[in-house]
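Undergrad: Top to bottom, those sequences are chains A and B. The opening position of the first sequence corresponds to residue -14 in the numbering used here, with each subsequent residue numbered one higher. The opening position of the second sequence corresponds to residue -14 in the numbering used here, with each subsequent residue numbered one higher.
There's no promise every hint is true.
Claimed, not checked - Some chain B residues judged to face chain A by a derived CB distance under 8 Å, without partners named:
1) Pro71
2) Ser74
3) Ile78
4) Phe95
Said to hold, decoys possible - Derived contacts from chain B toward chain A, CB cut-off under 10 Å, selection only:
5) Gln14
6) Phe52
7) Ala83
Claimed, not checked - Below, a list of computed lysine-lysine pairs in the DSS-like style, where the Cα atoms sit at most 27 Å apart:
8) Lys40(B) to Lys5(B)
9) Lys26(B) to Lys40(B)
10) Lys22(A) to Lys41(A)
11) Lys22(A) to Lys26(B)
12) Lys56(A) to Lys26(B)
13) Lys56(A) to Lys39(A)
14) Lys85(A) to Lys(-1)(B)
15) Lys5(B) to Lys39(A)
16) Lys22(A) to Lys(-10)(A)
17) Lys41(A) to Lys(-10)(A)
18) Lys85(A) to Lys(-10)(A)
19) Lys(-10)(A) to Lys26(B)
20) Lys53(A) to Lys51(B)
21) Lys85(A) to Lys49(B)
22) Lys41(A) to Lys53(A)
23) Lys85(A) to Lys56(A)
24) Lys5(B) to Lys26(B)
25) Lys51(B) to Lys85(A)
If you are wondering where the hints come from, they were derived from the structure by calculation, not from laboratory data. C-beta atoms are modelled at their ideal positions from N, C-alpha and C, and glycine is treated no differently.
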Amino acid sequence: DQQVKQNSPSLSVQEGRISILNCDYTNSMFDYFLWYKKYPAEGPTFLISISSIKDKNEDGRFTVFLNKSAKHLSLHIVPSQPGDSAVYFCAASTFQGAQKLVFGQGTRLTINP
Amino acid sequence: GAVVSQHPSRVICKSGTSVKIECRSLDFQATTMFWYRQFPKQSLMLMATSNEGSKATYEQGVEKDKFLINHASLTLSTLTVTSAHPEDSSFYICSARARGLAGIRGTQYFGPGTRLLVL
């Protein structure tokens, strides 16, 4: 039972344009969502997070949007840079299981010069 | 920044042997460490949570006698895959929560992972 889904295994975007990565979830108990970025041969690194009491969180070029009614979140990167090329994972947790993260399958983002 | 290392990065072993994977927090004390497994094109699946000085808590469906976890110190946790079989071949990755950040959700620092191939 895949509670967190990233339906696009890959995405290719031109440098300078906006990258939009999507994530859907099924568990309505999830109340905290995170995005991680992973380069080859390295562990995932935390990028940005959002609590369910918000619908938007912004940090520099990265913005995460949360649509609770649709159980959908997205990560916007603008402008996209070549260094953004990586695998992006979304993850979710519940209040009760605050330490446990449930991950999506990841989306490989490629930024083309 | 917080650094987590794993050793070895890659291991190939024969079926029936045991393999030990180490996870170390290099510049912080980790009260809690997590072990994940990732099969190709699938998500990271949490296997177990280990707290320093106590027994690990395993997720449903994970055999605790097969995947032995020891969190002997605030900087080291080990995962031992006992009597490994080809279906145990996977990418194993650990993460650690820093002491003092227990109240901050999502603060996990990940290791680079260990690729295990069982022949």
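Undergrad: If a hint holds in the structure, say so; if it does not, say that too.
TA: Checked hints:
Violation of the interface hint for proline 71(B) is found here, the shortest Cβ-Cβ separation to chain A being roughly 23 Å, above the 8 Å cut-off. A hinted interface residue such as serine 74(B) counts as satisfied when its beta carbon comes closer than 8 Å to some beta carbon of chain A; here the least separation is about 18 Å, so the hint is violated. For the restraint placing isoleucine 78(B) at the interface with chain A, the shortest Cβ-Cβ distance is roughly 6 Å, inside the 8 Å limit, so the hint holds. Using the Cβ-Cβ criterion of 8 Å, the hint placing phenylalanine 95(B) at the interface with chain A is satisfied: the shortest such distance is roughly 3 Å.
Taken as an interface hint, glutamine 14(B) does not check out: its beta carbon lies about 16 Å from the nearest beta carbon of chain A, beyond 10 Å. Hint on phenylalanine 52(B) is violated. Least Cβ distance to chain A is approximately 17 Å, over the 10 Å limit. Evaluation of the alanine 83(B) hint against chain A yields a violated restraint, the C-beta minimum of about 12 Å exceeding 10 Å. A C-alpha spacing of about 17 Å is found between lysine 40(B) and lysine 5(B), which places the hinted pair at or below 27 Å, so the restraint holds.
In summary, the hint linking lysine 26(B) to lysine 40(B) is not supported, as the alpha carbons are separated by about 31 Å, beyond the 27 Å threshold. For the hint linking lysine 22(A) to lysine 41(A), the alpha-carbon distance of about 19 Å falls within 27 Å, and the restraint holds. Taking the CA atoms of lysine 22(A) and lysine 26(B), the gap is near 16 Å; set against the 27 Å cutoff, the hint holds. Distance hint between lysine 56(A) and lysine 26(B) is fulfilled; the C-alpha atoms sit about 22 Å from each other, no more than 27 Å.
Our distance criterion of 27 Å between C-alpha atoms is met by lysine 56(A) and lysine 39(A), whose separation comes to about 13 Å. A distance of roughly 32 Å separates the Cα atoms of lysine 85(A) and lysine -1(B); the hinted pair therefore is violated under the 27 Å criterion. At roughly 42 Å between alpha-carbon atoms, lysine 5(B) and lysine 39(A) are farther apart than 27 Å, so this suggested pair is violated. Taken as a hint, the lysine 22(A) and lysine -10(A) pair is honoured in the structure, with Cα atoms around 16 Å apart against an allowance of 27 Å.
Pair hint lysine 41(A) plus lysine -10(A) holds up; C-alpha atoms about 20 Å apart against a cutoff of 27 Å. Taking the CA atoms of lysine 85(A) and lysine -10(A), the gap is about 16 Å. The hint holds against a cut of 27 Å. Of the supplied pair hints, the one linking lysine -10(A) and lysine 26(B) holds, its CA atoms being roughly 12 Å apart against a limit of 27 Å. For the suggested pair lysine 53(A) and lysine 51(B), the alpha carbons sit about 39 Å apart, so the restraint of at most 27 Å is broken.
Taking the CA atoms of lysine 85(A) and lysine 49(B), the gap is near 18 Å; set against the 27 Å cutoff, the hint holds. Restraint check for lysine 41(A) and lysine 53(A): satisfied, since their Cα atoms lie roughly 11 Å apart, inside the 27 Å limit. The hinted pair formed by lysine 85(A) and lysine 56(A) meets the criterion: a straight-line CA distance of about 19 Å does not exceed 27 Å. Distance check on the hinted pair: lysine 5(B) and lysine 26(B) sit about 24 Å apart at the alpha-carbon level, within 27 Å; holds.
With a C-alpha separation of about 21 Å, the suggested pair lysine 51(B) and lysine 85(A) falls inside the 27 Å cut-off, and the hint holds.
When the structure is compared with the earlier hints, violations turn up for hints 1, 2, 5, 6, 7, 9, 14, 15 and 20 and for no others.
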